[in-house]
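Chain by chain, the residues run as shown.
Protein chains: 2
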Amino acid sequence: MPSPITPRSADFPRWYQDVIGRAELADNGPVRGTMVIRPWAWAVWERIQADLDARIKAAGVENAYFPLFIPEADLRREAEHVEGFSPELAVVTHGGGEELAEPVVVRPTSETIINRFMSKWIQSHRDLPLLLNQWANVVRWELRPRLFLRTTEFLWQEGHTAHATEADARRFALGILNDVYRATMEETMAIPVLRGHKTARERFAGAIRTWTCEGMMGDGKALQMGTSHELGQNFARAFDTTYATETGALDYVWQTSWGASSRLIGALIMTHGDDAGLRLPPALAPQQVVVLVVRADEGVERAASSLAGELRRQGVRVRVDDRVDMGFGRRSVDWELKGVPVRLEVGPRDLAAGHVTLVRRDRGTKEAVAVGAAAGAATAALQDAQMALFDSALAEQRRRTEAVSDVASALEAAESGFATIAWSALADGGEAELAAAGVTVRCLQAGNGGLASADDEPGMVAVVGRAY
Amino acid sequence: MPSPITPRSADFPRWYQDVIGRAELADNGPVRGTMVIRPWAWAVWERIQADLDARIKAAGVENAYFPLFIPEADLRREAEHVEGFSPELAVVTHGGGEELAEPVVVRPTSETIINRFMSKWIQSHRDLPLLLNQWANVVRWELRPRLFLRTTEFLWQEGHTAHATEADARRFALGILNDVYRATMEETMAIPVLRGHKTARERFAGAIRTWTCEGMMGDGKALQMGTSHELGQNFARAFDTTYATETGALDYVWQTSWGASSRLIGALIMTHGDDAGLRLPPALAPQQVVVLVVRADEGVERAASSLAGELRRQGVRVRVDDRVDMGFGRRSVDWELKGVPVRLEVGPRDLAAGHVTLVRRDRGTKEAVAVGAAAGAATAALQDAQMALFDSALAEQRRRTEAVSDVASALEAAESGFATIAWSALADGGEAELAAAGVTVRCLQAGNGGLASADDEPGMVAVVGRAY
Chain Z
31 MPSPITPRSA
41 DFPRWYQDVI
51 GRAELADNGP
61 VRGTMVIRPW
71 AWAVWERIQA
81 DLDARIKAAG
91 VENAYFPLFI
101 PEADLRREAE
111 HVEGFSPELA
121 VVTHGGGEEL
131 AEPVVVRPTS
141 ETIINRFMSK
151 WIQSHRDLPL
161 LLNQWANVVR
171 WELRPRLFLR
181 TTEFLWQEGH
191 TAHATEADAR
201 RFALGILNDV
211 YRATMEETMA
221 IPVLRGHKTA
231 RERFAGAIRT
241 WTCEGMMGDG
251 KALQMGTSHE
261 LGQNFARAFD
271 TTYATETGAL
281 DYVWQTSWGA
291 SSRLIGALIM
301 THGDDAGLRL
311 PPALAPQQVV
321 VLVVRADEGV
331 ERAASSLAGE
341 LRRQGVRVRV
351 DDRVDMGFGR
361 RSVDWELKGV
371 PVRLEVGPRD
381 LAAGHVTLVR
391 RDRGTKEAVA
401 VGAAAGAATA
411 ALQDAQMALF
421 DSALAEQRRR
431 TEAVSDVASA
441 LEAAESGFAT
451 IAWSALADGG
461 EAELAAAGVT
471 VRCLQAGNGG
481 LASADDEPGM
491 VAVVGRAY
Chain C
31 MPSPITPRSA
41 DFPRWYQDVI
51 GRAELADNGP
61 VRGTMVIRPW
71 AWAVWERIQA
81 DLDARIKAAG
91 VENAYFPLFI
101 PEADLRREAE
111 HVEGFSPELA
121 VVTHGGGEEL
131 AEPVVVRPTS
141 ETIINRFMSK
151 WIQSHRDLPL
161 LLNQWANVVR
171 WELRPRLFLR
181 TTEFLWQEGH
191 TAHATEADAR
201 RFALGILNDV
211 YRATMEETMA
221 IPVLRGHKTA
231 RERFAGAIRT
241 WTCEGMMGDG
251 KALQMGTSHE
261 LGQNFARAFD
271 TTYATETGAL
281 DYVWQTSWGA
291 SSRLIGALIM
301 THGDDAGLRL
311 PPALAPQQVV
321 VLVVRADEGV
331 ERAASSLAGE
341 LRRQGVRVRV
351 DDRVDMGFGR
361 RSVDWELKGV
371 PVRLEVGPRD
381 LAAGHVTLVR
391 RDRGTKEAVA
401 VGAAAGAATA
411 ALQDAQMALF
421 DSALAEQRRR
431 TEAVSDVASA
441 LEAAESGFAT
451 IAWSALADGG
461 EAELAAAGVT
471 VRCLQAGNGG
481 LASADDEPGM
491 VAVVGRAY
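Going down the list, the protein sequences come from chains Z and C. Numbering-wise (my numbering), the first sequence opens with residue 31 and increments by one. Numbering-wise (my numbering), the second sequence opens with residue 31 and increments by one.
Note that these hints are calculated values from the structure, not bench results. Computed from a predicted model, the values in this text were never measured in an experiment.
In this list, chains with the same sequence are indistinguishable; a pair is considered to hold if it fits within one copy or across any two.
In silico EDC-like pairs for lysine to aspartate or glutamate, Cα to Cα no more than 20 Å straight-line:
id, residue 1, residue 2
1, K251, E463
2, K150, D57
3, K396, D364
4, K87, E76
5, K150, E54
If we strip away everything but chain Z, and leave its shape as in the complex, we get:
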């Protein structure tokens, strides 16, 4: 049997690599910073995509597709934007065997190319709001890549919208934050997130406000899991994206953009994983139940297949593992590594006594259940596991978040989790002091933990921590 994976508490980054390797989730590509997503992780990603996509559509957004290649000159039209992205660009200088007259950039994000078309498509207030999204790959050259979390090429959805008023743009950006990102992350991925807005230092290049969902990973560090930006009229001015108001005057549109990426797979691993590997929320598990045939036996195989059929009829994704030429222990460990939420072990001795063994991956519990009750017990376990994973992640996040009142204590708390501190206490250079020690303000919230409505709202609280 292969060696066990590095314990999570011993070396978190190595544990993370071990889980990715042993659960066959991903591999490094040959070009530095690129990644191969293997079938098991891809099947999880397909479910994350489908969940996000349904919520995005429910918000009235239509999918479209814009080109991978952007003229370098376009990117330079919004000053802050190009400054933010220039160091990360991949540039194509040759095409079709010839040097290109004008180099093209592989999109790092698509605000510029989409504005080019929005300025063409939007004429009147009747064309607003214009709500678009695309599922695409983007490239940002990474010097310190890490699988799923920071890769040169990554996959994401990027939404881009145009509105008649600032208020409508804000309402929409917040709708995406709450009803799309928060909902998918908490309800489907079972990861509790903190919501708030970014400080000027951490804002998206070209935005007037960046809203964020921040998760706490298993080592207490933060992961920015999805952001929703109010772009104001910055890109509209750069690309002359105007509309005729009801009175006939021309005005610039107000825009938003928002993205969530394949780094969410990394968030799943780092939030729910344990020393035995991945633990998948049932909503995302490619197989929710594996029925394990303990060893070759006609009665056992028949019982396993009948159990699987019963579960399938209830809409459960189930696989029968009857690879009896491979040791039972080896197969159990593999499914554990891959994070399948429920295992039903069917062996000849148990079966003779009228029961099978139900193993829950989230808790590690094993119990004997009567054959006739096994399918029901499995579906109940799935429902419970989805909530239990969320609850345990939330308890962990709360346990590791400390309210502090000065920078020194914030730095100390950030060694093992988050600190909350009055934003006013960081006003005079406090944010820079934290940053110098590698600690950042993950988001600003209103005093009551809700969203602040202005950058200078009194009583705001900063959530600070180390981040991926």
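We have chain Z already, so just place chain C on it with the hints.
Using the frame of chain Z, we list chain C on its own:
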């Protein structure tokens, strides 16, 4: 009202551009050869994707994702392959603000990078067959781009499989051709296709046999709609992709690769489109029925919404168009352009008489139907339209295919459609003679119209034509 589109018979290429522009399907991107796919066409593509994806999964294939960037050196490992693709490559020479030590290529297809990983993942005959697919963008520099049909960047699925034997690889390649590509094209897209294999001249660079589905477009020209390649052991030898057989000997795997792309959207337009615009098969229409409120009227609006509700309960995709501030004629023409299969027009006068007007886009027929029978009539029309579009395309393909016996007649027939000719009649330079006049062998078939089982099977027939 805007000017009508160019008649299809007057200027087919201009008609094609007009439909794409007026139905808001796509736009040219700023970088030559790139394309923006607009929401209506994207929604069609999502349905083509879902249909292909379900069939691909039913064949036992798992989805995964491989990197966009490929080391230039990798591409050179299979000699024919690099020769075929070199003239079309886009090359990234700068990343992260620096010149790269080794330039990387934007994938034109992924055989090479996937073999790199297959050679790592495959050890034993137990690992075979390995069946993978990815949905991805690829780049092939295009000097004469045409929206959907030939674009520098296009979207596709590419399947890559490894097998223990040549026979198993062939069986699999043919399964994809028949049960995935043909099925989606004929049953869902309502486009009849001719199946066969390519001549050596037309084969994929690196394959030992290329199977193809060829459609006939509205101008009688052929479109290669999907290909399934047997790669033999060519890439396996180049990348040392070996496995231990049951006796313990090492052998190279036998591989296949197969792809279908966003050019299928072009096939839909060119097969089913008419002088009024697009005609969408109901299986792919983003909206299958539009209920048109003729003009503002409370009773009309209530009837329209109740009809839509009834259709939705039957699983029909339906939209109520109550934009009564826009002329009714303009809205009708727009839905006609966009190819919505069925329109239900609800006006106050008709409604007072107890009926609504049902318009079928495929036939252009209008009929009065009783309000209570309208939903049923609409669903029946949808079922019938799906078949009628296929039948009419098949009749057209047959009408425009001529059996000939010499090269001169083949060239003549290819002016307006396909010719079939004995492959032996093209043996002595006939294929080159056709090619010099811009006519190619689209596929070879057995004498009975089925698939030939060898390249030199006696009695084979060549289907020839001009092609996109």
